[in-house]
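*Asks:* One-letter residues, chain by chain:
There are 2 protein chains.
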Amino acid sequence: MSPDQPPLSRALAAFALGDEPAILDRRGRRLAIPPIVDSVAVILAGNASEAGRASRRYVHAAWPQAAGPGWTSGSDAGLPVELAALINAWMGHALDYDDALPGSGHLSVPMLAAALAAGDAREQPLSGGELVDAFLVGFEIAAKTGMALGVAHYRRGWHTTVTAGTIGTTAAAGRILGLDRDRLTAAFGIAASSVAGLQRNFGTTTKPLHSGLAARNGLAAALLALAGVSSDELAIDGERGLLDLYGLGEARPEFLRTLHEPWAIESPGTGLKLYPACYAAARPVDALLALRARHALHADDVEEIRLAVPKNGLHPMIHHEPKTGLNAKFSMEYVLAAALADGGLDLASFEDAAVSRPAVRELMSRVRLSEDRALRPEDPDALRSSPATGGRVVVELVLRDGRRVEATVAHPKGSPSAPFDRDDLEGKFMTCARFGGFAEEPARAAFDALMELEDVDDVRSVLQTLRPATAGIR
Amino acid sequence: MSPDQPPLSRALAAFALGDEPAILDRRGRRLAIPPIVDSVAVILAGNASEAGRASRRYVHAAWPQAAGPGWTSGSDAGLPVELAALINAWMGHALDYDDALPGSGHLSVPMLAAALAAGDAREQPLSGGELVDAFLVGFEIAAKTGMALGVAHYRRGWHTTVTAGTIGTTAAAGRILGLDRDRLTAAFGIAASSVAGLQRNFGTTTKPLHSGLAARNGLAAALLALAGVSSDELAIDGERGLLDLYGLGEARPEFLRTLHEPWAIESPGTGLKLYPACYAAARPVDALLALRARHALHADDVEEIRLAVPKNGLHPMIHHEPKTGLNAKFSMEYVLAAALADGGLDLASFEDAAVSRPAVRELMSRVRLSEDRALRPEDPDALRSSPATGGRVVVELVLRDGRRVEATVAHPKGSPSAPFDRDDLEGKFMTCARFGGFAEEPARAAFDALMELEDVDDVRSVLQTLRPATAGIR
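Read top to bottom, the protein sequences are chains L and E.
Residues 1 to 474 (full-length UniProt numbering) are what the first sequence spells out, left to right.
Residues 1 to 474 (full-length UniProt numbering) are what the second sequence spells out, left to right.
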C-alpha cells in the first residue's frame with residue numbers, strides 16, 4: 001500500500017457509495033440489465049434442481065419457525081433475509097447455467113441475491129434503479145477483487161465466485177442498506193474474515209452452495225457493520241489481510257485502484273450461457289449446431305466429430321463417461337453428442353436419464369478431441385480470458401458420404417462480442433421459468449418488467465408475481 | 001494421503017461418531033467439565049460487553065421476525081439455531097476471557113455453542129452426557145486440525161479459533177444431530193469451504209465474531225449435509241483441499257491420524273483464564289500478585305516493576321498506551337500496573353474508564369519489560385506451547401526501601417498444571433453471571449448442576465433458568 005493512498009477498504013467504500021453520473025451512467029446501467037434478467041431466470045430454474053430439493057429439506061429441518069421479509073423464488077412465505085440471500089444465490093448456480101466472467105467466476109447471481117435481500121431488509125421499497133446501481137458496483141468490486149487476488153489464487157484452488165464474490169456482495173448490500181463510508185469500510189473487513197471456498201468441492205452440490213455463501217456472507221457483513229461491529233481498515237490490503245493471505249505473494253492490488261476504467265461488465269464482459277453446461281462447452285456446441293443447421297445434418301450422417309481447442313481448453317471438461325447430469329455438464333463428449341442428436345442443448349439434456357441414452361453414448365464414441373497451440377487465447381496471462389474462452393475453437397465433421405465440413409467460433413452466443421438480443425433473453429427466461437415450475441403468464445410479465453428495470457418503483461412487486469405453478473414447489 | 005488410509009474426512013467422521021468406552025472414558029469426560037462450565041460463564045459475561053450490545057442491534061435489524069428453538073443467554077425468546085450458535089459463541093469470546101489451547105486458539109466456546117444449538121435443533125432433549133461427548137470429540141478434532149494446519153498457517157495470519165474451530169464444531173454438531181458417517185463426511189467437506197478468519201482483525205470486535213462464525217458454520221455444515229448437500233471426501237486432505245490450501249506446504253496431517261492419543265484437552269491441555277486479558281498476561285500477573293500478597297505490598301511501596309519473559313513472549317501484547325478496555329487486554333504495562341494497584345484483575349479492570357486512571361498510568365511508567373532467551377519454552381516448535389505460555393516468567397519488584405523481591409511462574413493458575421478447583425470455577429462463574437446481569441440464585445444453581453453435567457437429563461432445562469436480572473438485557 002502506498003502511503004499517500006487510503007486503505008483499500010476505505011477506497012472501495014467511497015466507490016461503492018458514489019453516485020457521480022460519470023460512474024453510474026446510462027450506458028453502464030444498461031449493461032447490467034441482461035445479467036440481472038439472466039440471473040433471475042436461473043434462480044427460477046434452480047427450484048427444480050437437486051439443490052432446490054436440498055434447500056427445502058434444509059429450511060424445513062434447520063429453520064422450522066423461520067419467517068422474515070426475504071423473497072425467495074420458490075416460496076410464498078418470506079424468510080429471514082440472510083437465509084433468502086443464501087437460497088436464491090444457491091439456486092441460481094445450481095444448474096451451472098448462470099453467467100461467467102473469465103478469471104473471476106460466476107458473480108451476477110450472488111450480487112443480485114444479496115442486493116434483493118438487502119432491499120427486503122429495509123423499510124422503503126427497492127427501486128429498479130437502486131438495484132441496477134448496487135449490482136453494478138458490487139459486480140465491479142467482485143470482478144476486480146478476483147483480478148487483484150491474481151492467477152495464483154485461482155490456480156492454487158480457491159473458487160473466486162465465492163472468494164472475490166463476497167467482497168462484491170458486501171458492496172451491493174451495503175449500498176442498498178444505506179451504510180455510510182465508515183460502516184461500509186468496516187463491512188469489507190468483516191467480509192474479509194469470511195472469504196472461503198475450495199475448488200476441491202467442484203462437481204458436488206457444495207459448488208452451487210458457494211454462490212449462496214457469497215450472497216449471505218456479504219449481506220451479513222453489511223448488517224453486522226450496520227450494528228456497530230468493527231474491523232481493521234487494512235483487512236483488504238494490509239499485512240495478514242485478504243490480498244496478503246489469499247494472493248500468495250502475487251496479489252495485484254492495482255486492479256482495485258482502477259475501478260470502472262473500464263467496467264469489468266463491459267470489458268472483458270460477462271458471458272451469458274446459452275447452454276446449461278460448463279462455459280468451455282459453449283463455443284464447441286455453437287460451432288456444431290451451426291454446421292448441423294447449415295448442412296441440414298442428422299446424427300446418422302456423421303462419421304466423426306472432431307474438436308480442436310486452445311492449449312488447456314479441455315481442462316475443466318473432466319468427465320469422459322458421465323453418469324449423471326451434473327457430470328455431463330463437464331463432459332465435452334456428451335455435450336457434442338447430445339447437441340448433434342437433439343439439434344440443441346437445454347435443461348432436459350442434463351437430466352440423469354438423458355445422459356444414458358444408448359444413441360447418444362454411441363455418438364460419444366465418435367468424438368475426437370484435441371488441443372492446438374495455434375488456437376491460443378490472445379490473453380496469455382489469463383486475467384481477461386482463459387484457454388476455455390480465449391482464442392477460438394474448430395469443429396470438423398467427417399460425414400459418411402465422405403465430405404468434411406468445418407466451423408470456427410471465437411465468441412459464443414451470449415458472450416460480450418455476440419450478445420443475446422431480447423428474444424434470446426426471453427427464450428432463456430421462459431425456458432427457465434417453465435423448468436422451475438412457474439406459471440407462464442406472470443413469468444412473461446415479469447420478464448417484460450425486468451427488461452425495463454430502471455422504470456420499476458418496487459422490484460419486490462415484480463418478483464412476487466412469480467408463483468410456482470407446480471405442486472410440490474413451495 | 002497414503003493409499004491404504006481412508007480420506008481424512010471419513011476417518012474423522014468415524015472418530016466423531018465413535019462410542020467405544022476406551023475413547024469416551026470417565027476420565028476423558030471429567031476433563032471436559034471445567035472448560036464447559038467456564039464457557040457458559042464467559043457467555044453470560046459477554047452479554048454486558050460491547051459485542052453483546054452489537055449483537056442485540058444486529059438481531060433487531062437483521063432478524064426482526066426471527067424465532068426458533070435456539071437458547072441464547074440473554075434472551076427469553078428462542079432464536080433460529082444457527083443464529084443462536086453465532087451469538088452465544090460471539091458473546092463467549094467478547095471479553096477475551098475464555099480458555100486457550102496453545103497453537104489452536106480458543107476452542108471451547110464455539111464447541112459448546114454449536115453443540116447446544118444442535119441439541120436445540122432436535123426433538124429429543126440433549127442430555128449432559130451427550131453434550132460432554134460431543135464437546136470432547138469436537139474439541140479434539142479442532143485442536144488436532146490446528147496442529148495439522150501447522151505453524152505456517154498461524155504465522156501467516158489465520159485465526160485458528162475459527163479456521164480449526166470450524167472443523168471441530170462440525171463434528172460436535174454432527175454427532176448431536178445424529179448424522180451417519182456418510183453425512184458427517186460430507187459435512188466436513190462443506191465446512192472446509194467455509195474456513196476463514198484473519199488475524200488482521202485482532203483488536204476489533206470482529207475477533208470475537210470469529211468464534212461465532214466457527215460455531216455457526218460448523219452447525220450449518222452439519223445441517224446442510226443432513227439435508228443432502230454433497231461435498232468432496234478429499235476436501236480435508238486432497239489436492240486443493242483444506243490442508244493443501246491453508247497449510248502452505250507445511251501441513252502435518254499425521255496429527256489428524258492420531259486422535260485422542262492423548263486427548264489434546266489433557267495434553268497440552270486447555271488453559272482457563274483467571275483474568276479477562278490476553279493469556280500472555282496470566283503468568284506475569286500471577287507472579288506480581290503473589291509478591292504483593294506475600295510481602296503485603298501496596299503500589300506506593302514499589303519503585304519499579306521488572307518483568308522478564310521468554311523470547312517473543314511479549315509478541316501479542318501490542319498496546320503500550322491503551323486507550324480502551326479492549327486495548328488494555330493486550331497491554332502488559334497496564335495489566336501489571338492495574339494488578340498492583342488493585343490487588344487483582346477482573347472484568348471491571350477493563351472498563352474504558354478504569355484504563356485512564358491517573359494512578360495506574362503513573363504506575364505503568366514504572367514497568368520495565370524484557371525478553372530473555374534463558375526463559376525459553378521447552379517446546380521450540382511451538383505446537384504445544386508458545387513463547388507466551390511455555391518456559392517461565394520472572395517478576396522482580398524494586399521497592400522504595402531498597403529491597404528487591406522476585407517470583408517465578410511457569411504455569412499460571414487455571415492452566416493444566418495448576419488447574420482451577422471447584423471454588424475457583426464457582427468464583428469465576430458467579431463473577432461472570434453478575435457482570436452479565438444474571439440473577440444470583442439461579443446462576444448458583446445452574447453452576448451446581450453443570451458441575452455434575454453427566455447427571456443432567458436435559459441441558460436446556462438448566463440453561464433456561466439463567467435469566468437476566470438487569471433491565472436492558474433482553
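Fair warning: there could be bad hints in the mix.
[Said to hold, decoys possible] Some chain L residues flagged as far from chain E (calculated, every beta-carbon gap over 10 angstroms):
1) A61
2) R156
3) S193
4) G197
5) L224
6) S231
7) R240
8) A293
9) A308
10) A354
11) V394
12) E396
[Said to hold, decoys possible] In silico lysine to any residue, SDA-like type, Cα no more than 20 angstroms apart, as pairs:
13) L:K323 with E:K311
14) L:K311 with L:G228
15) L:K311 with L:G390
16) E:K323 with L:G390
17) E:K311 with E:S385
18) E:K311 with E:G228
[To be verified] Pair ranges (Cβ atoms, derived):
19) L:D180 with E:S365: 49 to 57 angstroms
20) E:V151 with L:E452: 54 to 62 angstroms
21) L:E452 with E:P6: 34 to 42 angstroms
Hints in this document: simulated from the structure, not taken from any laboratory.
Cβ atoms here follow ideal geometry from the backbone N, Cα and C, with glycine treated the same way.
*Asks:* Check the non-interface label on L:R156: least C-beta distance to chain E beyond 10 angstroms or not.
*Replies:* 6 angstroms, violated
*Asks:* For the pair supplied as a hint, L:K311 and L:G390, confirm whether the alpha-carbon distance does not exceed 20 angstroms.
*Replies:* Holds - the C-alpha atoms of L:G390 and L:K311 are around 10 angstroms apart, at most 20 angstroms.
*Asks:* Do the Cβ positions of E:V151 and L:E452 conform to the proposed distance bound of 54 to 62 angstroms?
*Replies:* Between E:V151 and L:E452, where Cβ atoms are some 58 angstroms apart, the hint holds.
*Asks:* Are all C-beta atoms of chain E more than 10 angstroms from that of L:R240?
*Replies:* 3 angstroms, violated
*Asks:* Is the nearest CB of chain E more than 10 angstroms from the CB of L:A308?
*Replies:* 28 angstroms, holds
*Asks:* Can we confirm that no CB of chain E comes within 10 angstroms of the CB of L:G197?
*Replies:* 5 angstroms, violated
*Asks:* Tell me if the straight-line CA distance from E:K311 to E:G228 falls inside 20 angstroms.
*Replies:* 50 angstroms, violated
*Asks:* Just to be sure I understand the hint, the distance between the Cβ atoms of L:E452 and E:P6 should be within 34 to 42 angstroms; is that true here?
*Replies:* 56 angstroms, violated
*Asks:* Per the hint of 49 to 57 angstroms, is the separation of the Cβ atoms of L:D180 and E:S365 within bounds?
*Replies:* 39 angstroms, violated
*Asks:* Hint check: E:K311 vs E:S385, CA-CA at most 20 angstroms. Holds or violated?
*Replies:* 13 angstroms, holds
*Asks:* Quick one, are L:K311 and L:G228 close enough, alpha carbons at most 20 angstroms?
*Replies:* Measuring from Cα to Cα gives roughly 50 angstroms; hence the hint is violated.
*Asks:* Compute the least Cβ-Cβ separation between L:S193 and chain E, then decide whether it is above 10 angstroms.
*Replies:* 5 angstroms, violated
When held up to the earlier numbered hints, the structure conflicts with 1, 2, 3, 4, 5, 6, 7, 13, 14, 16, 18, 19 and 21 and fits the remainder.
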